[in-house]
Amino acid sequence: MADWVGPQDIREWSRRLFALRPILLFLLVSAIFILELRFDWIERALGAYLVTTNVARPESGAIWEKGKQTLTARKTLEQIVTDRQDSQRIARGATTFNQIAANVSADQGVMLSDDHFRKLYLSLPREIAQEIISPFELVRLASEGKWRRTYFEKAGAGLMVYLLDLNNRVLRQLKISPSLLIHFEHEQFAQVETLEDLPYFENRVYPADRFFDALEAFPEEVRRSMVPNPERLLQISGQIMRVGISDEAVSGFIEIGFEIINGSRRKVIIVQGHEWAVWRLRSHLEEQKSSANIISDTLEN
Amino acid sequence: MNFATTFIRRLSGIFYLVCGLAGVVALLAMVLFFSALSDLPQVPEPLSRIIETPPTEIFAATGERIMVIGGREAIPLSRISPYFIQAVIATEDHRFWEHHGVDKVRTLKALWVTLFEPGKVQGASTITQQLAKNLFFTYRRTVMRKFRELLVALQIEAQYAKGDILEAYLNQISFGVGAQGIEQATQSFFGKSAAALTLAESTFLAGLPKSPTRYNPYLHFDRAKKRQKIVLSRMIAVGYINTEEAESAFKENLFLQPRNEGTRTGSYFLDVVLKEVEERYGPEVLYHGGLKVMTTLDPLLQSWAVESVQNGLAKLDEILGIRKYGVDSRDDAVTHPQGALVAVETNSGAVKAMVGGRDYSETEFNRAVQNNRLPGSGFKPFVYYTVFEKLDLSPATLVVDKKVNIPVVGTPDWRPKNFGGKYAGPMILKEALMKSVNSVAAQLVERIGPDAVIEVSRRCGIKSPLSSVYSVALGTSGVSPLEMASAFATFATGGIRHTPFWIRRVEDPLGRILEERIVGGKRSLDASVAYQVVDMMQGVLNNGTGSIVRRMGFDLPAAGKTGTSDGYHDAWFTGFTPTLCVSVWVGYDRGVGMRDANGKGITGARGAAPIWADFMIKATNGEPAREFAIPSDIQFQSIDPVTGFAAKQWTPNPVRVALRQGQEVQGREETF
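These protein sequences, in sequence, are chains A and B. For the first sequence, the numbering used here gives the first residue as 1, with consecutive numbering after it. For the second sequence, the numbering used here gives the first residue as 302, with consecutive numbering after it.
Everything labelled a hint here was simulated from the structure, so no lab data went into it. Take every hint as true, because none was put in to throw you off.
Sample of chain A residues facing chain B (criterion: CB under 7 Å; computed from the structure):
#1 Asp9
#2 Glu43
#3 Arg44
#4 Glu59
#5 Ser60
#6 Ile63
#7 Ala73
#8 Thr76
#9 Ile80
#10 Val81
#11 Asn168
#12 Arg169
Listed next, the stretches of chain B that the computed footprint assigns to chain A, with coverage defined by at least 3 CB atoms under 8 Å from CB atoms of chain A:
#13 328-342
#14 393-402
#15 430-438
#16 806-817
Straight line, CA to CA, 30 Å or less: simulated DSS-like cross-link-like pairs of lysine-lysine:
#17 A:Lys119 <-> B:Lys823
#18 B:Lys901 <-> B:Lys625
#19 A:Lys175 <-> B:Lys823
No experiment lies behind these values; they were computed from the predicted model shown. Glycine included, each C-beta is placed from N, C-alpha and C at the ideal position.
The task is simple: from the sequences and hints, build the whole structure.
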């Protein structure tokens with residue numbers, strides 16, 4: 001192959017310049033240039049190529065950042081709403097004040113209807129319900145037609161209850177103290193099988209027949225103060241074997257435990273009696289016990 | 302070597318140089334392309350998704366939407382006036398429908414101008430390039446950023462139809478004054494939808510995105526009009542309209558929506574609301590969560606509050622002999638007195654109106670909540686309540702207004718002086734509060750101790766730090782207008798304290814409740830004692846230091862107290878009706894005294910009470926006269942204010958006082 005030598009004169013140069021190949025090359029370059037100007041094929045090709053790589057590229061830039069923030073915000077909100085709805089759902093299913101107290105967190109209360117509050121209130125023994133609010137006051141509030149909802153919020157270990165109108169204005173503010181909540185709890189079935197499991201009963205456990213004999217010694221209204229809600233005991237199937245009286249008084253009440261046997265199963269039901277009445281019952285039982293001891297001693301001698 | 306050979310060689314050299322340069326440029330372009338490709342952002346699919354973020358909306362108590370944050374109301378092209386579309390295309394990118402992301406001719410022209418015409422820089426970004434920049438890139442100008450922007454524009458063109466691109470662009474451009482996207486802009490500027498824009502309005506709006514601040518029509522209407530002229534001329538050049546149409550559009554009067562700074566973006570009240578929402582939920586939820594925040598704001602009261610403060614301060618400027626605010630100085634916010642007003646609903650604590658300064662656009666410092674200024678005599682009601690409650694004194698108790706000298710351990714004696722330096726001698730406590738007598742308040746605090754006064758003020762809701770010194774009785778510890786309004790509201794409700802609040806309910810975008818306010822109060826003061834103080838404060842308005850309120854025509858039952866700090870640095874008036882409690886403060890930010898041209902100081906009665914009265918006259922217009930509830934053990938008795946005896950028929954100027962059971966005045970009242 002001969003070495004390339006540059007043109008030495010115009011003629012040679014012109015001859016080379018206007019040869020077929022340079023002209024074709026020129027036409028090709030011109031065509032490419034004109035076609036690009038006319039049809040934007042470079043832009044199109046690059047654009048089309050970029051579309052194919054789109055999925056693999058990072059989600060970066062202002063709009064994606066904003067999108068991520070929106071996503072985070074949505075997730076946060078969803079979490080707040082879910083938590084709130086969960087606690088509302090649990091509260092709606094609550095049948096006792098204790099269940100509500102267990103469900104209310106320090107920073108988030110629960111809202112229930114006025115009807116629901118009434119149901120919870122009515123499920124309590126009359127004497128204990130009275131401790132929260134007088135039924136007459138509740139009737140008055142209900143009759144005024146303003147009370148629509150009830151808001152529960154944590155107040156230390158107790159509960160604060162707000163009876164609200166449609167605009168969330170507080171019509172009446174009630175406090176359920178921790179000791180009252182303990183009362184409510186004990187009003188339910190104790191999670192024990194025998195009275196021996198509850199140390200505060202150990203000094204005063206009586207056979208059921210002796211307890212009921214002693215109870216009968218008092219007039220009806222006094223008995224109602226000793227065992228405020230005897231209907232509850234009737235609802236339980238089984239036989240009451242023994243009855244224990246607590247050594248401790250809380251908020252003017254003393255607990256009485258009924259040990260019930262049903263087939264091979266035992267359980268204890270606790271009710272609260274008014275302190276003054278239970279004291280009388282206990283004294284009566286103790287007197288009976290002492291006279292029984294005297295009689296047995298005499299017989300033995 | 303002859304000329305021809307030299308010519309050929311030179312020409313060949315240039316040719317090879319150009320070829321070489323072209324090769325290098327091509328090579329560089331390749332390198333740049335693959336380098337840029339490595340972290341080129343992904344373009345979302347569909348493009349409209351990127352502008353669908355729910356706005357956080359803030360509502361007034363009336364249900365009126367008072368603020369929208371973030372989010373955009375994306376509308377289809379079919380709902381945008383064709384005039385506006387044409388105006389934007391003519392101005393921003395007249396070959397939009399032809400090019401594929403880059404306008405090469407315009408780019409070359411811009412390059413030429415930038416390179417060869419000194420001092421001139423011409424942009425050539427197409428609408429697609431602008432969209433790419435707005436969506437993905439920062440405003441930092443670098444070659445690489447520009448190149449990436451170009452590539453993304455090419456992809457957007459390849460991926461989407463022209464209509465989609467234009468729609469996305471029009472829904473995200475900024476027009477200033479918080480308006481983003483064409484629908485929001487037309488609503489903000491003209492109070493109508495984008496479909497209803499006329500040619501004049503379209504061309505006016507289309508000029509703004511170039512520089513929303515520079516062409517802000519509320520501040521620079523003339524500039525915006527000049528810009529409109531350019532838009533119209535572009536439309537003529539492109540052939541969308543003829544000269545007559547352009548002239549007619551330019552001459553057309555444009556009626557911009559009034560901007561109410563008091564209740565729109567950036568008002569002091571909204572700042573407080575946003576701060577609380579942000580603290581509770583975080584900035585992401587606030588700005589991107591699409592919350593619905595129901596507030597306590599009453600837009601009508603708010604607008605009156607703004608008006609009263611601005612008018613009141615304008616009058617104060619005249620009294621002070623200083624030039625009109627906002628005329629020719631940027632330092633007006635510092636050189637002119639400022640003001641604040643808070644209106645609280647007494648029986649709930651709901652904040653109905655809040656003004657934190659003279660002009661939000663000048664200064665965002667919220668004096669209604671952030672400012673702790675000395676309340677002066679405005680603090681005396683707490684002193685009187687304390688001695689009534691703890692010492693069983695009554696408004697009829699006789700005291701002697703005299704020079705007092707109170708020894709203070711470890712510091713010089715405290716010698717409080719009366720306003721004007723005069724002492725009136727014997728007077729009953731009601732009279733002492735009505736006339737705001739300092740020596741009496743000093744004697745009372747000496748007897749009860751500052752801690753007892755502080756304890757009572759805390760019960761009423763004062764949270765600012767208060768120094769345990771005798772002078773606290775004369776308001777020498779700073780408080781905010783919000784605290785004062787809320788604390789005085791406790792007197793108005795007969796001692797029931799309501800914590801002030803501004804958010805009633807917060808919902809997520811689906812309307813699910815995140816929180817709602819429980820409106821409850823707590824008994825903090827004895828109802829009867831509180832009423833005695835209220836009765837005395839009614840006297841302040843009717844015959845005492847706040848009587849200007851009555852002279853201005855406010856005649857509903859109301860109570861209140863003026864306050865002026867030492868050196869006339871602060872002027873206060875806090876007063877209430879049974880339903881609304883309002884506190885007004887005026888003073889200089891830089892803490893200098895306010896004195897008129899004659900050197901006379903501006904007191905609470907002169908500086909703040911007129912603003913209070915002006916606002917209350919409007920706020921209570923048409924309301925029936927409601928009296929404060931009188932507790933059952935309160936009885937009224939007329940007393941001789943000088944002797945403290947029960948007034949007889951011939952007693953001059955007897956004062957009616959409210960007395961609790963057992964406080965009836967039989968003969969001479971006890972003095973101390």
